[in-house]
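A.B. asks: With chain A's structure known, arrange chain B on it following the hints.
Number of protein chains: 2
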Amino acid sequence: MDIKAYMVEVGVAARQAASIMASVSTGLKNKALLATADILNEQRNNLMLENEKDLEQARQNGLEPAMVDRLALTPDRIATMIEGLRQVAGLDDPTGIINDLKYMPSGIQVGKMRVPLGVIGIIYESRPNVTVEAASLCIKSGNATILRGGSEAIHSNKAIAGCIAIGLEDAGLPSAVVQVVSTTDRAAVGELITMSEYVDVIVPRGGKGLIERISRDAKVAVIKHLDGICHVFIDRDADIQKANDIALNSKTHRYGTCNTMETLLVDAALDEQVLLDLAVLYREKGVELRGCERTCAILSNAQAATDEDWSTEYLAPILSIKIVEDMEEAIGHINQYGSHHTDAIITENYTKGRLFLTKVDSSSVMINASTRFADGFEYGLGAEIGISTDKIHARGPVGLLGLTSEKYIVLGDGHVRQ
Amino acid sequence: MDIKAYMVEVGVAARQAASIMASVSTGLKNKALLATADILNEQRNNLMLENEKDLEQARQNGLEPAMVDRLALTPDRIATMIEGLRQVAGLDDPTGIINDLKYMPSGIQVGKMRVPLGVIGIIYESRPNVTVEAASLCIKSGNATILRGGSEAIHSNKAIAGCIAIGLEDAGLPSAVVQVVSTTDRAAVGELITMSEYVDVIVPRGGKGLIERISRDAKVAVIKHLDGICHVFIDRDADIQKANDIALNSKTHRYGTCNTMETLLVDAALDEQVLLDLAVLYREKGVELRGCERTCAILSNAQAATDEDWSTEYLAPILSIKIVEDMEEAIGHINQYGSHHTDAIITENYTKGRLFLTKVDSSSVMINASTRFADGFEYGLGAEIGISTDKIHARGPVGLLGLTSEKYIVLGDGHVRQ
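Read top to bottom, the protein sequences are chains A and B. Under our numbering, the residue at position 215 of the first sequence is numbered 215, and the numbers go up by one with no gaps. Under our numbering, the residue at position 81 of the second sequence is numbered 81, and the numbers go up by one with no gaps.
Here chain A stands alone, though its shape is the one from the complex (with noise of 0.2 Å):
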């Protein structure tokens, strides 16, 4: 097989798809979705079948179970699957939508409307219902997308697909709207990410490594986090119910995800006790505790955090604590060792709440909660792709509104420059 060849060929027939997409209706991408919602529910039984082959191949290739957990479609995700595509058909519609329409002294009209941004390349890694998550948020947000999903998973995406193309053709629409890379060769990667005149934009989702690596060789714009080291800084004037609240359920509610807390800083003018009494928490729990030189001093079962330990990504029962100076202290740790993700203050104090909020160069900033509402759903977006910490174009939970881009539009009569 021609790789190369071949990953033209799905870029050409994604960039005719788009060219169709950009004016489609919003009924009939909500007809789209839902066929698809009913054909998946159909096929329940074929969807398992297929996804059996993978999980044979993954035992018998001695994967992981975790990550064979991840790999299985079960009755439960496969119904998980089938009603997020009927929210997703349920969320407003943002292309089309034109804004700021407003008379320049020339006389022209001028505003902005929103557009999808076209092709989009989704690389992901195991899970097969990112198949689905993925497909539904770009047919709603009229693009085009090109999915290339983990090879080990590959039976699985091929009849989700297979699923997703009935649905389509259900609503009118090219099946090309959503395709499935189906080779599992490597170099298919490659190419989806350096073919910038079929591909307007890369989300990749999975570990560090993938990320960095495509990151580093894509040639078309990506849309990414590549760490979640998220801080909580409990200020002086904290609610200390609040703080235990906060700094416990940052850290403890899941370990694995990246709006999780990582390193928790302490006011060093708070009471010994209020560290002490967090420690007592966070051991109930079991997570693992590592400090700075003072944090140790008072709570005697910290181990010393070394220097690596502030920019790391721990995704494990395991925090790191410093006490700083003061608020200017905590800011300039957040800024320097974070990852521009997710950083919170607790205070009761106006002013500090303001300049955290100004200071604090994240993606999500926040007073008084937990990082763990840095999320699509908590935020309203209905539905997310991904969390982006870069500061251009999406910044944060990245939804339906982030796939789309403004244009100007123009209305005259007639009018010249003069």
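Don't take every hint at face value.
Stated by the list, open to error - With a straight-line cut-off of 30 Å between C-alpha atoms, the simulated BS3-like cross-links for lysine-lysine are:
hint	chain 1	residue 1	chain 2	residue 2
1	A	Lys219	B	Lys31
2	A	Lys359	A	Lys208
3	B	Lys359	A	Lys219
4	A	Lys102	B	Lys242
5	A	Lys31	A	Lys112
6	A	Lys208	B	Lys4
7	B	Lys112	A	Lys208
8	B	Lys285	A	Lys112
9	A	Lys242	B	Lys112
10	B	Lys31	A	Lys359
11	B	Lys242	A	Lys112
12	A	Lys112	B	Lys158
13	B	Lys359	B	Lys208
14	A	Lys219	B	Lys102
15	B	Lys158	B	Lys4
16	A	Lys359	B	Lys219
17	A	Lys242	B	Lys102
18	A	Lys112	B	Lys4
19	B	Lys242	B	Lys285
20	B	Lys102	A	Lys359
21	B	Lys102	A	Lys4
22	B	Lys219	B	Lys208
23	B	Lys102	A	Lys102
24	B	Lys102	B	Lys112
25	B	Lys208	A	Lys219
26	B	Lys285	A	Lys208
27	B	Lys112	A	Lys102
28	B	Lys102	A	Lys112
29	A	Lys219	A	Lys208
30	B	Lys158	A	Lys31
31	B	Lys359	A	Lys102
32	B	Lys53	B	Lys158
Hints in this document: simulated from the structure, not taken from any laboratory.
C.D. replies: Just chain B, lined up with the frame of chain A:
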């Protein structure tokens, strides 16, 4: 001189300056802009003396007279620079604006705050007045900037940078907010566009060669446009007077600008006389016409256009003309051969106007208006750092808003995830 070490030094200083700028008040930013205007005014003579060194060198190097002219800082141009600074001081500050702050079902309040991008690298060719324009927009939008002008303008740019530094210090801001790269070594550009740790976005301003090179090698996001291949389509339902006015203005108002029309598309259903009359108007202006076969059959003095003509930005009194069957063919031609810059339809037909706006995939799409309106000032942006034909982040004329981004802010009252 170790270029890499020098550029890292510049980058570190810019990053520090950017973190200070993120929370500088509008008043102080305006103070810096107005102080710079005053200092430029005082230093007029010195600026012209420094500029004379560049001009002398340029003449010795045998630069074309047009290039030497672009390099000159005349009293008029200095006055325009000063006026530009005062205008930017008068623009609204986009940063800090909080939008869409609303309560979520969980009880948290989520909104978006507009913030500076951080550090903006601007690479441009000979015109030294760009130094002031770019610096003023970056200051007002709360960014730090690293400016790399053409080597032929190095004395002028350093003199201007000196004035800006005094203006910044007058307002108590670090002079590193605006840094002019002091070496003319081209390796500095290579460093600037790849040091993603210190630079958030690159804006190249110059010829196609420069922009292509930078886009290819950059490891930092680039806001750019490569070509301005703009179209006017005269629909069968056009008002002929409007069509004549706009077709003439779009081509002949200025030849060398990116929003100048390069290809005229004419509906085959129109009377031949329309094209004959237009040809007379173009002939009066000395515009050379190159037509498709059908055009040449009507216009005896038109040359035959080659396929290359349809994708050429002439930047000259040359126009290619194509007769198309209908609007669909016109849109197909624009999306295939155009550069997604600016395209206009002339029509009185409501449905076709609506379709054209939606289906043409360009940064500016117009009805019954000259393509020459695609400009930051005409769009009410107050100023323009460039025009983007990218789909990501900023599309069309880029003003202060294009130099900012939005981060999420979350306000809670001790809220945790359930």
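A.B. asks: Each hint: holds or not?
C.D. replies: Structure-based check of all given hints:
1. A:Lys219 / B:Lys31: 41 Å, violated
2. A:Lys359 / A:Lys208: With Cα atoms ~27 Å apart, Lys359 of chain A and Lys208 of chain A stay inside 30 Å; holds.
3. B:Lys359 / A:Lys219: Judged against 30 Å, a Cα distance of about 26 Å means the pair holds.
4. A:Lys102 / B:Lys242: This hinted pair holds, its Cα atoms lying about 21 Å apart.
5. A:Lys31 / A:Lys112: Since the Cα atoms of Lys31 of chain A and Lys112 of chain A sit roughly 27 Å apart, the hinted pair holds (cutoff 30 Å).
6. A:Lys208 / B:Lys4: 28 Å, holds
7. B:Lys112 / A:Lys208: 27 Å, holds
8. B:Lys285 / A:Lys112: 34 Å, violated
9. A:Lys242 / B:Lys112: Given pair Lys242 of chain A, Lys112 of chain B holds - Cα atoms ~24 Å apart, limit 30 Å.
10. B:Lys31 / A:Lys359: Given that 30 Å is the threshold and the Cα spacing comes to 21 Å, the pair holds.
11. B:Lys242 / A:Lys112: Cα-Cα ~24 Å, so holds.
12. A:Lys112 / B:Lys158: Violated: Lys112 of chain A and Lys158 of chain B sit about 38 Å apart, past 30 Å.
13. B:Lys359 / B:Lys208: With Cα atoms ~27 Å apart, Lys359 of chain B and Lys208 of chain B stay inside 30 Å; holds.
14. A:Lys219 / B:Lys102: Violated, because 37 Å separates the two Cα atoms, which is more than 30 Å.
15. B:Lys158 / B:Lys4: 20 Å, holds
16. A:Lys359 / B:Lys219: Distance of about 26 Å is within 30 Å: holds.
17. A:Lys242 / B:Lys102: Answer holds: Lys242 of chain A to Lys102 of chain B is near 21 Å, not above 30 Å.
18. A:Lys112 / B:Lys4: Measuring from Cα to Cα gives roughly 41 Å; hence the hint is violated.
19. B:Lys242 / B:Lys285: 18 Å, holds
20. B:Lys102 / A:Lys359: 22 Å, holds
21. B:Lys102 / A:Lys4: The given pair, whose Cα atoms are some 47 Å apart, is violated under the 30 Å limit.
22. B:Lys219 / B:Lys208: The hint holds at about 19 Å.
23. B:Lys102 / A:Lys102: 26 Å, holds
24. B:Lys102 / B:Lys112: 10 Å, holds
25. B:Lys208 / A:Lys219: The hint holds at about 18 Å.
26. B:Lys285 / A:Lys208: Violated, at roughly 60 Å.
27. B:Lys112 / A:Lys102: 24 Å, holds
28. B:Lys102 / A:Lys112: Cα-Cα ~24 Å, so holds.
29. A:Lys219 / A:Lys208: 19 Å, holds
30. B:Lys158 / A:Lys31: 61 Å, violated
31. B:Lys359 / A:Lys102: 22 Å, holds
32. B:Lys53 / B:Lys158: This hinted pair holds, its Cα atoms lying about 12 Å apart.
Checked against the numbered hints above, the structure violates hints 1, 8, 12, 14, 18, 21, 26, 30; every other hint is satisfied.
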